[in-house]
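**Q** Residues per chain are reported as follows:
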Amino acid sequence: MAVTPDRTGPDPGPSRRDALGRVLRILGLLAAAEMIAVAAAYLWPGRGGPARGGRLVVAGPVADFTPSSVRAFPAGRFYLVRLADGGFLALSSRCTHLGCVVPWNEKAGTFPCPCHASSFDLRGEVLSAPAPRPLDLFPVVIEGGIVKVDVSRAVERSRFEPGQVTYL
Amino acid sequence: MGNATATGTGTNPSPPPRPRSGLAHLLLHLHPRTVPAGALALPHTFGLGGAAAVLLLLLAVTGALLLAVYEPSPERAHGAVSRIVDDVPFGAFVRNAHHWAANAVVIVSALHLLRVVYRGGHLPPRRGNWLIGVALLLLVVGSAFTGYLLPWDQLAYWAVTIATGMLAWVPAAGTALLRAARGGADVGAPTLARFFVLHVAVLPAALLVLLALHFWRVRKAGGVVLPADGGAARGPPVPTSPHLTVREGAAARVAVAAILLLAAVLDAPLSAPANPGLSPDPARAPWYFQGLQELLVHLHPSFGAVALPLAGLAGLAALPYLAGAEPSTGRWFASPRGALHAAVAAAAALLCTVVSVLASERLRRGPASGPGLQTVLGTGLLPASCTVAAVLLVGLVSRRRGATRAEAVQSAFTFGIVAFAVLTVVGNLFRGPGMVLAWP
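Protein sequences, first through last, are from chains L and Z. Heads up, the first sequence is in the working numbering, so the first residue is 1281 and it goes up one at a time. Heads up, the second sequence is in the working numbering, so the first residue is 5 and it goes up one at a time.
For the record, the hints were derived by calculation from the structure and aren't laboratory data. From a predicted model like this one, the values you see are computed outputs, not experimental measurements. Check each hint, because a few of them may be wrong.
To be verified - Under 10 Å between C-beta atoms, here's a sample of chain Z residues computed to sit facing chain L:
1) G169
2) V191
3) D285
4) P286
5) A289
6) P290
7) H302
8) P305
9) S306
10) A309
11) N432
12) R435
13) V440
What the hints assert, rightly or not - Only some residues are given here: those of chain L computed to face chain Z with a beta carbon under 7 Å:
14) A1311
15) L1378
16) G1379
17) C1380
18) C1395
19) S1408
20) A1409
For glycine and all other residues, C-beta sits at the position ideal for the given N, C-alpha and C.
Construct the complete structure from the given sequences, taking the supplied hints into account.
**A** Take a look at the structure:
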């Protein structure tokens, strides 16, 4: 009989059914990959989001800010700091650790983060961990005695440097 | 006979077979026809797995009621939840029940996990079901966390800002992951939409599928794990209905009654509407994440938020594979020696964690260390590798002291889980305003 050697003999190799099954599985995987790609593209956040591009916040005349003072601009999400020597720094109010808003503690002269106990000094430098880097900066421009802050992009830095301060 | 009293038919010695509803049939299909009499004793399981499933059912019912009023948009969500609490008849009760059931299911699932590990219920032939169980735990915690955002109050907004902020510390893909989770740069309307659909559709569907699989595989493995010394402990086979079903019914009623009682007397919190300009002080994660939040206070975020939690999760999933191919002894802690080693590991974890937290708190308040690489090494790689090394060391010492491989892995697991529990307690009870260590 022809059947008996088929069963006991060497492997006859993949049958047509096996091959078709493999093709079907590959096509199925491809289809699944396509659906995942579609879902990922659908869920991917848009490039710009709510546009804040090139937004200049007018903080006020230079004379309004006394040296060694801090003023909050909640809408712009920054603090305008005037250092003792009269220079300006615009510090992002977002903790560089996980993004909580840091309040200004006038008495201690620090920005203590309420979420994981980091704290920052007047120049935004880290006083205590876990924050890994100083508070981000927004560029400050002074035109005709008026202080303006460009809140379109926050500038990351690894330490305070005198070059970051804007003078009149 | 026990049969008669259990069905409550009183003096009738052999109750006539009752026609069953379709639902009863469905539930019976999750069970074998008979169970060993020895498996019925409460301390085998404490009914924890069943209680978790019942709580999930209660969550589905109360969740459906809440859905009828809730509106998932930042402008309207907080108002809708306030309306449920203040205006809708029994609204506060339904929301409380949903809130407490959600918290209870996290606790009950965690206890169920501990019961399974210390009874050896994760060892062969139940390894596959252990992985499903770990996935279920992630789904439960994921459901609780996505639900946390929906009231759109201060608590919700900042907990989710922090938790999604952790994604930014994933190497290379961090910023992309962060934006994908939030649907933008900040937590906002797209975040709420994403969390909402996860909470009410994606996660419940996944839970349902995996739960069915989880129960079915318990049946396939021959029911709950029992001591391996043969007939004496197993007892004779008895019919599942009524012997097991009345016990399950009792566990289910206790779980539901406890939650509804709690819901009647204790209100779920609802803080002020979310204010993206002001973080509350102290900003607290949900209690089950405060172990992680405490870790974040001490470690560099790349390690505290990403590397160490992932290592812990991988270790948890791999637990039965690390423990070797020996089947379970079916006894608590495997053996009296296993129990002793686990207790010593627990004590060591308690001591090490408390000392580490206090030491790190002093270091952290000291002069700022240098930026960049130095900080990453000093507050990240070094303490994270020390933690992993401590867990491995406990396992090795336990093995050298005569423990079996499974018992040594059990000791290491105990060390890790107790350390996490201590961090959770510190985060919940010993952090005052400004996240300073303080007495409760």
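**Q** Taking the earlier hints as the rules, which of them does this structure contradict?
**A** Numbers 6, 11, 14 - these are the hints that the structure violates, sorted from lowest upward.
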